[in-house]
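Engineer: Chains as they are written, first to last, in UniProt numbering: chain Z, 1 to 321; chain G, 1 to 321.
No lab work stands behind these hints: they were computed from the structure.
Among the hints, erroneous ones may be present.
No distinction is drawn between identical chains; accordingly, a pair holds when it is met within one copy or between any pair of copies.
[What the hints assert, rightly or not] Below are the EDC-like pairs computed for lysine to aspartate or glutamate, each with C-alpha atoms no more than 20 Å apart in a straight line: (1) LYS78 / ASP90; (2) LYS284 / GLU295; (3) LYS78 / GLU295; (4) LYS284 / GLU302; (5) LYS122 / GLU71.
There are 2 protein chains.
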Amino acid sequence: MTVSNVINGRTDKVSAATAERIREIMDRTGYVPNGPATALATKRSNIVALVHAASGERPQPSPHDSIFLDEVERGMTKAGRYLMIRSADDVAVTAKELRSWRVDGAIILGAFTSEADEVQSKLGLPLVFVDNYSTSSRISRVGLDDFHGGLIAGRELISTGHRRLALVAPGVDRPGVIHQRFLGFMAAVSEAGLDREAVTLLDSAPFFDAALALGQELAASPQRPTGIFATADIIAIGLLKGLVESGVAVPEQASIIGFDDLPEARYVSPALSTVRQDIPAKAKAAVAALLALIETQERGAEVRLSVEMARRGSVAPPPKA
Amino acid sequence: MTVSNVINGRTDKVSAATAERIREIMDRTGYVPNGPATALATKRSNIVALVHAASGERPQPSPHDSIFLDEVERGMTKAGRYLMIRSADDVAVTAKELRSWRVDGAIILGAFTSEADEVQSKLGLPLVFVDNYSTSSRISRVGLDDFHGGLIAGRELISTGHRRLALVAPGVDRPGVIHQRFLGFMAAVSEAGLDREAVTLLDSAPFFDAALALGQELAASPQRPTGIFATADIIAIGLLKGLVESGVAVPEQASIIGFDDLPEARYVSPALSTVRQDIPAKAKAAVAALLALIETQERGAEVRLSVEMARRGSVAPPPKA
Numbered sequence: 001m002t003v004s005n006v007i008n009g010r011t012d013k014v015s016a017a018t019a020e021r022i023r024e025i026m027d028r029t030g031y032v033p034n035g036p037a038t039a040l041a042t043k044r045s046n047i048v049a050l051v052h053a054a055s056g057e058r059p060q061p062s063p064h065d066s067i068f069l070d071e072v073e074r075g076m077t078k079a080g081r082y083l084m085i086r087s088a089d090d091v092a093v094t095a096k097e098l099r100s101w102r103v104d105g106a107i108i109l110g111a112f113t114s115e116a117d118e119v120q121s122k123l124g125l126p127l128v129f130v131d132n133y134s135t136s137s138r139i140s141r142v143g144l145d146d147f148h149g150g151l152i153a154g155r156e157l158i159s160t161g162h163r164r165l166a167l168v169a170p171g172v173d174r175p176g177v178i179h180q181r182f183l184g185f186m187a188a189v190s191e192a193g194l195d196r197e198a199v200t201l202l203d204s205a206p207f208f209d210a211a212l213a214l215g216q217e218l219a220a221s222p223q224r225p226t227g228i229f230a231t232a233d234i235i236a237i238g239l240l241k242g243l244v245e246s247g248v249a250v251p252e253q254a255s256i257i258g259f260d261d262l263p264e265a266r267y268v269s270p271a272l273s274t275v276r277q278d279i280p281a282k283a284k285a286a287v288a289a290l291l292a293l294i295e296t297q298e299r300g301a302e303v304r305l306s307v308e309m310a311r312r313g314s315v316a317p318p319p320k321a
Numbered sequence: 001m002t003v004s005n006v007i008n009g010r011t012d013k014v015s016a017a018t019a020e021r022i023r024e025i026m027d028r029t030g031y032v033p034n035g036p037a038t039a040l041a042t043k044r045s046n047i048v049a050l051v052h053a054a055s056g057e058r059p060q061p062s063p064h065d066s067i068f069l070d071e072v073e074r075g076m077t078k079a080g081r082y083l084m085i086r087s088a089d090d091v092a093v094t095a096k097e098l099r100s101w102r103v104d105g106a107i108i109l110g111a112f113t114s115e116a117d118e119v120q121s122k123l124g125l126p127l128v129f130v131d132n133y134s135t136s137s138r139i140s141r142v143g144l145d146d147f148h149g150g151l152i153a154g155r156e157l158i159s160t161g162h163r164r165l166a167l168v169a170p171g172v173d174r175p176g177v178i179h180q181r182f183l184g185f186m187a188a189v190s191e192a193g194l195d196r197e198a199v200t201l202l203d204s205a206p207f208f209d210a211a212l213a214l215g216q217e218l219a220a221s222p223q224r225p226t227g228i229f230a231t232a233d234i235i236a237i238g239l240l241k242g243l244v245e246s247g248v249a250v251p252e253q254a255s256i257i258g259f260d261d262l263p264e265a266r267y268v269s270p271a272l273s274t275v276r277q278d279i280p281a282k283a284k285a286a287v288a289a290l291l292a293l294i295e296t297q298e299r300g301a302e303v304r305l306s307v308e309m310a311r312r313g314s315v316a317p318p319p320k321a
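Can you build the whole structure from these sequences, using the hints too?
Structural biologist: Here it is as structure tokens:
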């Protein structure tokens, strides 16, 4: 049992000296555990999966997803687990495929709220949904206070003097993180006594080039909003570049706030003010939640991380009319 | 056999109609193949691994590695394989761990040249080394023409008029991609009849903040080089930001060329001139090489992709002395 604990990376149950001795013997004899045989015997594969919803047409991986994945991999490796990854147009189909490998559990990133229940009931596996707003008591969730993020972005623009506002997002209607950010932003508008008409809603795919094109369009429009909130940094960065290249100075003529605080927020000029989330912390919480779920099978836990304004150079008072 | 081919994703050996019918039956009956049992019976797990060398101290994942990984995952999924990923301080140790899962093969990204032989002989598995300059006939390699990349970067700066040059890299001495880019750059210096002393070698870790600090330092130095080649975009982006923030105009007072053509090269102002590599094509080549190797076991193949200058706004003639 002790040896098996060491082999399977459960060293918390074994003294450090003993674990070290066992590892030495394994090393010397060239012992390699037989994963498939162990999985059949114990019904545990020690494999966990990360499934992330991703359009096949995406021009490049989302930096947010890459940081999340990187941290999940480190966390699972540290816990002695193997990580399988799979991007999916249809999360339900992919999740089923993963059953074939008898994964012990999975983290599902970016599925729509409506898919969560279906995936959970089809699989009956330990699953942790990240950035998902399912209200089912059977779903374990890790996410952010997205509403608060939208709220502080709105407050930041309004308190700086902006009255012609825009919210740029890949659609705000479907229940989920973007919808929550939208609701928070509108709450800031409402608490300031502004009319809903003060806000222009603009659609943009969450890709640099789509947002760049929109920024160029905005630059040419006569009744341009002066205070812009983009629900993702990658959109904000494209808008910023599109505006600046078209001769609209940021922040002098237009202010922009993003969401995420990607490393890229600091690469651009001016550096991007944004709603900061701690992506590695979110990944660590998802890893911890899944490992706990595998042990206890008690679903329904919810972790919601806080967000905060990261103030940089892309916000200033609006130009005098 | 036909059913097994469909289950295992080898649909190239089965007519499309038959494959579709078998999938329908599997769907209707809720059939899920038992991966571990199949692996024991066939000695094939259908799992492949991507191992990437990565320092535990990295502040965030390398965008290059994220794009590569994303494309490998898509390719392996399309081929009906499962992908395990593992970052590793020590590639040899991690590769051994993966044997436990009876992976059918692995792609090794970023291992040092000297490690390749050791890993290959210890594992005896189908392995494809990416960006590796081992000359062993037992190693299968996919990489770039890094020498040519350094050469065209050097020519670009010299032909624009620069005579005070710098090469910024995370060390140029160890055999590998960086060393090749350095050799190519020095060949351009030599073919132009310039003295080696025209080139200042500067060290920078491949992280934005390290390069930012170096850019700030450079801005303050009296005999500043005017033409800078960074062996990675992430370094070039940090340098650019550090110089510009410290009041050195790019490209008017300093020119910068990167290497990679990451999406981020277009986010910065001015947009970065850089040596373009096609990372998704490199990933596709690695996937194809590994799948071929798993079938034939014939090692020693080599694929080397070309690179080219992507000209943007960060290069101009040097200021008049």
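Engineer: Determine for every hint whether it applies to the structure shown.
Structural biologist: Verification of the supplied hints:
When the C-alpha separation of LYS78 and ASP90 is checked against a cutoff of 20 Å, the pair qualifies only between copies, where the shortest distance is 14 Å, while the shortest distance within a copy is 29 Å. Proximity of LYS284 to GLU295 under the C-alpha cut-off of 20 Å is restricted to the intra-copy arrangement: shortest distance 17 Å within a copy versus 38 Å between copies. In this assembly of identical chains, the alpha carbons of LYS78 and GLU295 lie at most 20 Å apart only when taken from the same copy (17 Å versus 33 Å across copies). Proximity of LYS284 to GLU302 under the C-alpha cut-off of 20 Å is restricted to the intra-copy arrangement: shortest distance 14 Å within a copy versus 39 Å between copies.
Proximity of LYS122 to GLU71 under the C-alpha cut-off of 20 Å is found in neither arrangement, the shortest distances being 27 Å within a copy and 28 Å between copies.
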